[in-house]
Amino acid sequence: DGGITQSPKYLFRKEGQNVTLSCEQNLNHDAMYWYRQDPGQGLRLIYYSQIVNDFQKGDIAEGYSVSREKKESFPLTVTSAQKNPTAFYLCASSSRDRGNSAEAFFGQGTRLTVV
Amino acid sequence: QKEVEQNSGPLSVPEGAIASLNCTYSDRGSQSFFWYRQYSGKSPELIMSIYSNGDKEDGRFTAQLNKASQYVSLLIRDSQPSDSATYLCAVNGKNGNQFYFGTGTSLTVIP
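The listed protein sequences correspond, in order, to chains A and B.
In case it helps, my numbering puts the first sequence at residues 148 to 262.
In case it helps, my numbering puts the second sequence at residues 199 to 309.
These are computed hints drawn from the structure, not numbers from a lab.
The reader is advised that the hints may include incorrect statements.
[What the hints assert, rightly or not] DSS-like cross-link-like pairs, simulated, lysine-lysine; straight-line CA separation at most 27 angstroms: (1) A:K230 <-> B:K240; (2) B:K265 <-> B:K254; (3) B:K240 <-> A:K156; (4) A:K217 <-> A:K204; (5) A:K218 <-> A:K161; (6) B:K265 <-> A:K218; (7) B:K240 <-> A:K204; (8) A:K161 <-> A:K204; (9) A:K156 <-> A:K218; (10) A:K161 <-> A:K230; (11) A:K156 <-> A:K217; (12) A:K204 <-> A:K230; (13) A:K204 <-> A:K156; (14) A:K204 <-> A:K218; (15) B:K240 <-> A:K161.
[Said to hold, decoys possible] Simulated DEER-style distance windows between Cβ atoms: (16) A:K230 <-> B:R275: 29 to 35 angstroms; (17) A:G150 <-> B:S224: 29 to 35 angstroms; (18) A:Q188 <-> B:K265: 25 to 31 angstroms; (19) A:D206 <-> B:L273: 18 to 24 angstroms; (20) B:R275 <-> A:T152: 49 to 55 angstroms; (21) B:Y249 <-> A:G163: 43 to 49 angstroms; (22) B:R275 <-> A:I207: 21 to 27 angstroms; (23) B:P309 <-> A:Q197: 43 to 49 angstroms; (24) A:N200 <-> B:S267: 39 to 45 angstroms.
By construction, the Cβ of each residue, glycine as well, lies at the ideal position given by its N, Cα and C atoms.
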């Protein structure tokens, strides 16, 4: 089945620890995105990537890092510099072939909690 | 000013009624508009996309777009309890690189 897989579903981070969230897609999409969702604030863009080996900061990139070494994969690292990382993290992808008409499709999300 | 604005609700309608969800956007160059449904604790699911002025119907759902007024809406006819969710409006910016999301409208359909 084609889709976007995020893992793990739940993740617990200790203070001062870096953690990496996985996002893999088999839709052959060029563009991938990471969003953070907090209650009452909608989705906020962290990073996005249009092609392999290239990515751009979104609105709230501080304390996060990404890589795009393969078309299928776009992992997000939440570093210790991110002071309030508890949130629901969503990975999405879209096809650049359809230009501005392309829809974004989401993985099932990772819920990160600081303990 | 936020890129995309929605009334947060909550919006409650009786079963069988029409639910009307509204969204405005700030970037006049936006070209693509989407409605997502998000159940509690789950990820957003695409339910409608619209690119041209006017109405687009898909089953019980109708999306309406008015680019002059920078307004997009979603009508849900014959609302069902299973429609109870948060509905997110999204806009693809004029450069096509980013999706901007509203904060969502919470809908409850009362049996």
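May I ask which of the numbered hints given earlier this structure violates, with the numbers listed in increasing order? 5, 6, 16, 19, 20, 22
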